Amino acid sequence: MTKKRTARRRSGKDPARDKHFARIFSEFRGEEGDLIPILQKTQERFGFIPREAVRRIARFLKISENQIYGVASFYSQFRFTAPGRNSIKVCLGTACHVRGGQILCDAVERELDLKPGGTTEDRRYDLERVACLGCCALAPVVQVNADIHSRMTVIRLKETLDKYE
Amino acid sequence: MSKRNDKVSISIDNSPFKVGSGLTILEAAEQNDVYIPTLCAHKELTPFGGCRMCIVEVEGMRGLPTACTTPVEEGMIIRTRTRQVQAERKEILQLILSEHTSSCLICEEKDECKGFMGTIRKAGVTTGCRYCPNDRACELQDVVEKMEIREIGYPVYYRNLRVEKDDPFYDRDYNLCILCGRCIRMCQEIRTANTLAFKQRGRYTVIGPAYERTHLEAGCEFCGACVSVCPTGALAEKVSKWEGKAEREQTTTCPFCGVGCQIRLQIRGDEVLGSLPEQDTLINDGQLCVKGRFCVAEVVNNHRRLRRPYRTQNNTRRELSWNEAIDLATERLSACSAEEFGMLISPNCSNEDLYIAQKFARVVMGSHNIDTSARWFYGTGLNGYLNLTQMAVPLSDLREASVILCLGLDTRFSRSVVGVELRKAIARGAKVLTINPRHHSLSVIAEKWIQPTSGTELSLIDSLVKLTPRKAKPSRASSKATIKGLSDELLAVAEMLKGASSPMILVGSEFLQHDESPQILESIKTLAQNTGAGVLPLPAQNNLFGSILMGTYPELLPGGFSSSSRKRLADLKKIWGLKIPGLPPAWEKKMFPVDKKLKVLYLVGEVPLDTLPESEFLIVQNIYPPDPWHAGDLALPAASFAEVDGTFINGEGRIQRVRKAVHPPGEALPDWEILCRIARKMGNKGFNFSSARKVHKEISSLVKGFGNFDKPSRKASPLTCEAELFIPRAKSKTMKTADKRFPLVLNTSVVEHTHRGFLLSTWVEGARELFPEGVLEVNSEDAKKAKISEGDEVVVTSANFEKTWPVRIVSEQPQGTMHVTLRQGESVGSNPHRVRIRKKNV
Ligand code: SF4
Ligand code: SF4
Ligand code: SF4
Ligand code: FES
Ligand code: FES
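Just so you know, the sequences run in chain order A and B. Quick note: the first sequence uses numbering that gives the first Met the number 0, first residue 0, plus one each step. Quick note: the second sequence uses numbering that gives the first Met the number 0, first residue 0, plus one each step.
A few of these clues could be false.
Said to hold, decoys possible - Straight-line distance between alpha carbons at most 27 Å, and here's what the computed DSSO-like set of lysine-lysine pairs gives:
id: 1; chain 1: B; residue 1: Lys573; chain 2: A; residue 2: Lys18
id: 2; chain 1: A; residue 1: Lys114; chain 2: B; residue 2: Lys42
id: 3; chain 1: B; residue 1: Lys89; chain 2: B; residue 2: Lys42
id: 4; chain 1: B; residue 1: Lys783; chain 2: A; residue 2: Lys18
id: 5; chain 1: A; residue 1: Lys18; chain 2: B; residue 2: Lys447
id: 6; chain 1: A; residue 1: Lys61; chain 2: B; residue 2: Lys447
id: 7; chain 1: B; residue 1: Lys680; chain 2: B; residue 2: Lys573
What the hints assert, rightly or not - Quick list of the computed label-pair ranges, beta carbon to beta carbon:
id: 8; chain 1: A; residue 1: Val97; chain 2: B; residue 2: Gln30; range: 42 to 52 Å
id: 9; chain 1: A; residue 1: Val97; chain 2: B; residue 2: Glu58; range: 49 to 59 Å
id: 10; chain 1: A; residue 1: Thr152; chain 2: B; residue 2: Gly243; range: 44 to 54 Å
id: 11; chain 1: B; residue 1: His438; chain 2: A; residue 2: Arg16; range: 31 to 41 Å
id: 12; chain 1: B; residue 1: Arg427; chain 2: A; residue 2: Gln76; range: 31 to 41 Å
Claimed, not checked - With the Cβ distance kept under 8 Å, some of the chain A side facing chain B (calculated, not the full set):
id: 13; residue: Ala57
id: 14; residue: Lys61
id: 15; residue: Ile62
id: 16; residue: Ser63
id: 17; residue: Glu64
id: 18; residue: Asn65
id: 19; residue: Gln66
id: 20; residue: Tyr68
id: 21; residue: Ser72
No wet-lab data here; the hints were simulated from the structure. As the structure is a computational prediction, the values presented were derived from the model and not from experiment. Cβ coordinates follow ideal geometry from the N, Cα and C atoms, glycine included.
Here chain A stands alone, though its shape is the one from the complex (with noise of 0.2 Å):
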C-alpha cells in the first residue's frame, strides 16, 4: 500500500483520474494515426506508460491493447514502469557492444535482478538499453543519470552504482 502510494507521489499524477486523459484525448480525433503522438503526450504527463493509460487508449482508439503494447515496445523511448530515482543506460551500440557492451547489461540485470525497460522493487534504479551514446572512443560506456561512466567493467560496475541512492 506504502509502496503504491509513493509511486503514485513520484509520478505525480493518479493515471486513474479521468480528468488526464481527457485532456489528452481533447487534442486528437481518434484515428489510428494518433497513436505515437498520444502515447508520447502520456509519457509526457506520467513519466511512463501506464497500464490504465493502455486500456484508455484502446478504447479510444477502438484497437487492441496488446497492439497498442506491441507499437510501444517497439520504440525505445516509452517505458512501461515509473522510473526510478537514478536511470541506468548501457550502451549497446556496435563499438561498446564489440567490447562487452552486453556482458555489462548482464550484470546490471543480475546484480539488481532488474530487466532492461523495468525499475528496482526499491524505486531506486531503472535500466535501459540504448544504441550509441556517442562517445564510442570511451568504450564500454555506462551513463547513471547525466553521468557518463566510460570504459566500464563487471568489477568496477558494483561499485559505481552504489554511490546513487
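Using the hints provided, position chain B with the ligands relative to the given structure of chain A.
Below, chain B with the ligands alone, put in the same frame as chain A:
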C-alpha cells in the same frame, strides 16, 4: 493500372507464361507449378515479406526482390533458381535455423535415425530427437529438405524462453518461433481479435499479448486460427500435440450452436484428432469458434464415453447386451399407458433422430408427450423467439448490411464466426451498434454500445421502436418511459437505423431469461418491421429449427403443423398407416411437462435433472453415462454426431449434412436406430429403416425442403411453424422496484455451451477455464462494501431463493449489479432479481 483480369506475359526460369496481372510473382509461379520456397507467405493472409526465403532474380530490378510481395509486370524476366539466389536463400535459412532448435533437421544420422523411430520395445527409450510437437507436419522441415541444408555456419543461439502452457487448448513454445508473423496477421487481419503483436525489437522480439498477460486475459477467442497457420511447432494444440498428421478428413457440420459451421474432422485410424474449418462456405469462411475448433475431439474421443447398455438397480450397475436392454425397455414401455409416458429429446440431435423419436412417441406409445429442453431454455419467450425465426435472413446478408444492431450478443467464445463477419463489416464502413448490459466482445469495436441498466431493457427497445415509426403510429402503451442519460445515444442509434439502406438485427441470448422477454422479442419484431431490417436470431441449439419441423413437441406435428389439426392428422395417417388421436384439449393441465409422476420417462440425448417430472422407470440414452446421483434405471449408449449420418437445420433455416467419420465406441448405436429397434420389438410396423437416408426419405414426404440427403438444399429459408406453443405462466413475480432489504440486482443467464444435456466443460478440459458457470460476478466497489474478495463463497438472498456461489470480481460489471451463469436445470426464476449478499460463514 491495368485491370485485374488482364493478362501479362512473363518468363519464369526461361519458360514463357501468361498470367493475370495483379498477381504477385509467387502466385504466378504457384499457378504454374514453379516451386519457390516460402515461410511467411500464406494464401489467406496479406504478403509480409519478412522471411526473405522467396527471393528471386528479376531482370532490371535492383537486388533480389521477394516474390511474395512483388507484383508481376508485362515482360518480366524472372529466375527462381540461379546460383546467387539459392546461395542467398541458404544463408538466410541458416540464420533462421541458428535460432531454432534444429539439430533434428540437419543431423547427419537423420535418415538412419528415422528407421529406428518406430520401436516396439516396452521400455521408454529415446529413439530420435524430437524437439517439436509438429515433427513431420512442419513447413520449416519441408523447406530445409528442399533447400538441402546440411549444416549451419552460424553460432547457435537458444533463446531459452519459458514454454507458455498457462492457457487452455494450445501451448506456445516461442523457442521454435521463426517470427514469420503469420499468427499475428491471422489474429489481426482475419480474426481481428488483435490478441497478438510483435513485442520489443531486434534480437528480443517476441510474439504475444501486451505485458506478460495470458491469452485468456488479453481477449483471445481461442479460435485456433493462429495455430492452424503457424508453419512450425511453436503453436501446438494440447490434445493432439505429438500426434502427427491426420490420415484423412471428413467434412461435417459443427453440432455446438445454431450457426452451423462446416468443419473438417481430422482423423487417424478410427479416431478423431481434431477439427479444422472448411474454406469457402457460405457460413464460416475458414473460421470457427473455440467450440468447433477445440472441443470436438475431446467430446467425441473421450475415454469416458458410454460404450455398452447398463442397468442400475439398488445402486449397482450391471452391463447388459443390446438384446437384454431392448427386452427390458420393451417390458417397461408395454406396461405404460399413453399418459404415463414421457420423452425428452435434445435439440442437438439430427432431424432423423428427432423425427423417429416423435414417431415413436405418437405411434408406439400413442402419446404426444414428447418435448425438448428448448422449452426450458427459452421459457416464456419461446413463442416470441419462434416468431423471430420465422423472419430469419441468411447470415451472408451481413456482408451487405450497412447498419447492424446486435441485441444481447457476445461473440467471444460462441458464434465467434459472426464476430469475424461483424469486424469485417466495420472494416468496410458498416456501423455496428450493440445493446448489452454487460461488457462483451463487441463493446470495444462497436460504433455505439448502449448499456441498459437492469430492468430498462424493454423500455429501451420500445423507445427505439417509437423513434423509428413506420407510419406515425404510436407503439404500445407500456413504453412511455424514456430513459434518462441514454437518450442522446439512443437517438443516434435510431437515426442510424432509420437512415440505413440495408439494416440488420442480430439477436443473441442475453435477454432471453428476462421476465419481460416475450415483450422484448415482440418489440424486436416490431423494430425490424419498422426499419425494414433483416432479423437473424442466433439460437444456442444447433437444431432448434429441426425440432420444430420434426414436431418433437406435444403441440406440433412434422412440418410445424398443429397437432390438433384434423387435416394434418389425416395426412399423417396416409404415411404412417395409423390413426393418431389429436392432442386432447386442455392437455397442458394434465400432462407432460407438468409435474406428475410418470411410469416411464425416456431421455434421448438429455440428462436427468431435478426439474424433470418424476418417473418409476428412467431410460437415459446418451453419449456419456449420466452422473451417478441421477443414474436412471437403464442407460443406452448412443453414437455421437461424428459417428452418424444425418442432417441439421441451422439458425438460418439451412439444411446441412452430418457425415459419419468414425465408428461409434463400443456398442453405441445412432439414436434413431435404438428407437427403431425397441419399436420393432414392441411389434410396430413402420420402423424398418436400414439407414438415416431412408428416414430422411420418409421425412421428405411430410416436410418441405427435405429429400436430397447427399446434397441437402443449401438455401437458407425461414422457419414455418403454424402452431403456438403452450407456455405456462411464470410462477414467481420479479420485484420491480428497489427495496431496502435487497439493494443489489442480480441477472442470470443459462449456459449455452451444452451438448446433449452435458456442459462442454464437464468433458473438455480447456472449456472449464473459459466458461464460468456457477460463478457470481461482482463489481469491485460492491465487493469492497460487502467485504468480499475473489474466490469467497457468497450467500445470495432474494425474496424467492437463497443460493451460494463463489465470487469473481469483475471491474466491468456495472456497480450495483451482479451476474451469474446458471447450470442447466438450475432455475431461480426470471431476471432481474433483487438480492442482498453476505459472505458465507466458515
Ligand atoms: S486463438 Fe484466435 S484470437 Fe487467440 S491468438 Fe490465436 S488467432 Fe488470435
Ligand atoms: S508463432 Fe508460428 S506463426 Fe507465429 S510468428 Fe512464430 S512461427 Fe510464425
Ligand atoms: S460458431 Fe457455432 S457452429 Fe460455428 S464452430 Fe462455433 S459452435 Fe460450431
Ligand atoms: S557504441 Fe557505445 S558510445 Fe557509441
Ligand atoms: S515468403 Fe516471401 S518473404 Fe517470406
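Enumerated hints in conflict with the structure, sorted upward: Violated hints (numbers, rising): 1, 2, 9, 11; every other hint is consistent with the structure.
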